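Chemist: Below are the chains, spelled out letter by letter.
2 protein chains.
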Amino acid sequence: MAGGVGSRFWPYSRNNRPKQFLDFCGTGRSLLQMTFDRFARIIPKENILVVTNKAYKALVMEQLPEMNEKQVLLEPARRNTAPCIAYALAHIRKRDTKANMVVAPADHLITKEDEFLAAVEKGLEHVAKNDVLLTLGIKPNRPEVSYGYIQAGAENEKGFRKVKTFTEKPNLELAKEFMESGEFFWNAGVFLWNAETIHKAFWEFLPDLAAKFDEASPMMGTDEEESYINELFPTCQNISIDYGIMEHARKVDVLCGDFGWSDLGTWGSLYDLSDKDDNGNVILKCRALTYDCHDNIVVLPEGKLAVLYGLKDYIVVEADNALLICKKQEEQRIRQFVNDVSMMPDNSDFI
Amino acid sequence: MAGGVGSRFWPYSRNNRPKQFLDFCGTGRSLLQMTFDRFARIIPKENILVVTNKAYKALVMEQLPEMNEKQVLLEPARRNTAPCIAYALAHIRKRDTKANMVVAPADHLITKEDEFLAAVEKGLEHVAKNDVLLTLGIKPNRPEVSYGYIQAGAENEKGFRKVKTFTEKPNLELAKEFMESGEFFWNAGVFLWNAETIHKAFWEFLPDLAAKFDEASPMMGTDEEESYINELFPTCQNISIDYGIMEHARKVDVLCGDFGWSDLGTWGSLYDLSDKDDNGNVILKCRALTYDCHDNIVVLPEGKLAVLYGLKDYIVVEADNALLICKKQEEQRIRQFVNDVSMMPDNSDFI
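These protein sequence lines are chains A and B, in that order. Throughout the first sequence, residue numbering follows the working numbering, covering 151 to 501 in sequence. Throughout the second sequence, residue numbering follows the working numbering, covering 151 to 501 in sequence.
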């Protein structure tokens with residue numbers, strides 16, 4: 151799934167260059183490319199589909215030249231994850247109605263790839279044999295309030311747990327209780343299931359979507375696909391797979407682990423993940439001289455120099471023609487800032 | 151006088167683009183150009199000399215195409231204001247040993263030009279008739295600690311005062327006393343005198359310099375000037391006209407007024423001079439959205455956008471490849487920062 155816009159990384163991410171296409175870690179590979187590389191280690195490349203917004207087709211093809219154009223599914227409108235997954239499912243079912251699938255966001259970071267891939271392989275085996283929807287759960291390492299949590303039962307002998315509930319983002323107090331209890335895990339948005347199981351679940355919980363994409367299925371991979379999807383997609387309900395199916399399904403398991411996972415949701419989470427200097431500053435891409443500066447994250451274009459005096463707990467990010475300076479603990483406001491920028495006259499260069 | 155480097159406006163000013171060549175006010179004219187325009191209202195253009203460092207010859211000619219190359223005197227080394235003025239004096243004396251002169255820095259701002267020019271004309275008349283060195287004094291509007299002060303006697307019937315002492319930069323307490331006393335004025339570094347008077351003063355207080363430039367005088371304006379000055383100038387004593395002559399001369403007058411003068415010495419003084427928004431922020435050249443921001447000065451290249459949250463009393467300046475963020479009250483440290491930058495490896499792009 152590579153269709154997000156993501157304004158939380160503004161000004162680094164822009165409408166025409168969202169987070170999944172950025173080389174966050176400076177490794178020379180974007181998050182999308184890293185996600186592709188990761189799965190390509192255990193899944194044949196021709197079995198990988200990328201679902202993205204129409205607007206990003208060229209970007210995807212440029213970043214993943216090893217993919218056939220037909221593997222890139224284009225959404226003509228933003229409709230959240232349930233229609234996105236239904237679309238991919240229609241494609242997959244045309245090739246193999248009994249395929250085992252893994253669904254993952256293309257804009258997350260996984261630093262422990264081996265553990266992650268071992269879990270995916272184990273999970274695929276599990277959903278092949280059992281009529282169950284499976285999700286990956288991340289063992290929390292901090293009382294994070296910006297994630298959804300999964301409450302899970304005891305681990306069975308094979309390492310799987312039954313999902314009790316999917317929870318909304320908690321407040322800090324609750325997040326601390328979640329952590330201490332040991333039965334709550336972060337919902338990483340990574341799902342595994344057999345095509346038959348999820349197809350049944352669509353019919354049970356989102357029958358309108360199921361009907362639409364069953365009708366669309368014969369067109370998949372043909373010349374008619376694009377125009378058909380262009381008609382159909384915008385009529386789909388805007389709903390997440392979590393809210394539309396996972397929270398209601400009766401047989402949902404979770405496989406928990408620590409995969410060095412981050413959704414890189416905000417500058418603050420990038421700060422948490424990154425190496426720090428002796429004063430707790432994270433300096434990415436650029437060079438910096440800091441004086442009396444603590445616990446900041448500074449990201450300027452390569453080749454630039456920052457000289458900073460007397461900043462504590464700030465985000466300082468520059469990209470192209472925009473500079474953002476914001477207190478780290480107020481970063482949830484960045485969405486509002488970007489919205490305000492979008493209201494400015496002559497703003498098109500900035501968003 | 152247009153030879154300064156001035157690191158206090160880093161990163162906006164650089165070694166190859168010092169303050170006098172910058173369009174600080176966004177009017178389309180640099181401080182040097184504004185200084186030239188100002189004096190050209192009362193002094194024939196061909197009687198204006200610019201003394202600058204060799205390295206800035208091309209910049210001066212580019213910014214002042216109306217000047218003849220021979221009006222631009224090139225210093226092959228930095229030797230403070232006394233040698234600079236002695237060099238200009240040698241030029242002027244070759245044309246007219248009885249000329250009346252006004253000497254002014256090319257990197258100051260004067261917002262009340264009419265008052266200023268009226269004072270200059272009155273001063274030129276005064277030094278034409280009297281064997282006296284004259285300086286302009288600025289009525290202080292705040293207890294500034296970064297300026298030198300002139301202690302002056304009572305105003306005579308013509309509006310002139312005798313200088314009692316030139317003082318060093320005072321501490322805040324003393325600066326407040328200076329202001330209250332009513333007999334202290336800022337030393338703006340603008341001097342008026344007759345060529346004979348200052349020539350005598352050079353022989354009295356800096357005889358070595360006087361002898362050197364008397365010897366050089368016949369070469370002025372000839373093909374030999376450049377090579378002669380290249381030899382002579384580096385051997386000159388490094389000394390200011392204030393310290394070398396003004397503080398010792400017996401007959402020094404001061405003409406005081408309020409000329410909307412600023413030496414634009416620092417980002418802080420530019421802040422003080424500039425229009426502010428409702429929250430006391432000064433935004434120059436760029437566009438900005440500010441949230442919970444007070445009393446900052448923000449200068450980014452034209453066309454850029456700054457989004458700022460939770461900054462109070464900061465300097466935020468970007469130019470080319472460098473970004474400076476510094477508490478306003480710590481701006482005197484910028485010199486140190488620039489020095490530190492000059493110690494970095496591969497730093498040549500930054501200074």
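Treat the hints loosely; a few may be bogus.
When chains are identical, the list treats them as one kind, so a pair holds in a single copy or across two.
What the hints assert, rightly or not - With a cut-off of at most 30 Å between alpha-carbon atoms, the simulated BS3-like pairs for lysine-lysine come out as follows:
no. : residue 1 : residue 2
1   : Lys350    : Lys462
2   : Lys350    : Lys308
3   : Lys454    : Lys477
4   : Lys454    : Lys312
5   : Lys220    : Lys319
6   : Lys435    : Lys312
7   : Lys195    : Lys319
8   : Lys478    : Lys462
9   : Lys462    : Lys319
10  : Lys426    : Lys350
11  : Lys207    : Lys279
12  : Lys426    : Lys462
It is worth saying that the hints were derived from the structure and are not from the lab. Everything numeric in this text was worked out from a predicted model, so none of it was measured.
Chemist: Each hint should be assessed against the structure and marked as holding or not.
Modeler: Consistency of the hints with the structure:
Proximity of Lys350 and Lys462 under a CA criterion of 30 Å is satisfied in neither setting, with 52 Å inside one chain copy and 57 Å between copies. Only within a single protomer do Lys350 and Lys308 lie at most 30 Å apart by alpha-carbon distance; the minimum there is 25 Å, versus 101 Å between protomers. Both within a single protomer and between protomers do Lys454 and Lys477 lie at most 30 Å apart by alpha-carbon distance, with minima of 22 Å and 21 Å respectively. In the homo-oligomer, the alpha carbons of Lys454 and Lys312 never lie at most 30 Å apart, since the shortest distance is 50 Å inside one protomer and 52 Å across protomers.
In this assembly of identical chains, the alpha carbons of Lys220 and Lys319 never lie at most 30 Å apart, being 37 Å within a copy and 74 Å across copies at closest. Proximity of Lys435 and Lys312 under a CA criterion of 30 Å is satisfied in neither setting, with 43 Å inside one chain copy and 59 Å between copies. In this assembly of identical chains, Lys195 and Lys319 lie within 30 Å of each other by CA distance neither inside one copy nor across copies; the values are 35 Å within and 72 Å between. Proximity of Lys478 to Lys462 under the C-alpha cut-off of 30 Å is found in both arrangements, the shortest distances being 9 Å within a copy and 15 Å between copies.
In this homomeric assembly, Lys462 and Lys319 come within 30 Å of each other (Cα to Cα) only inside a single copy, at 27 Å, whereas the closest approach across copies is 32 Å. In this assembly of identical chains, the alpha carbons of Lys426 and Lys350 never lie at most 30 Å apart, being 48 Å within a copy and 63 Å across copies at closest. With identical chains, the CA atoms of Lys207 and Lys279 are never at most 30 Å apart, being 36 Å at best within one copy and 82 Å at best between copies. Taking the closest pair of Cα atoms, Lys426 and Lys462 come within 30 Å of each other both inside a single copy (14 Å) and across two copies (25 Å).
The structure is inconsistent with the numbered hints 1, 4, 5, 6, 7, 10, 11, although it conforms to all the rest.
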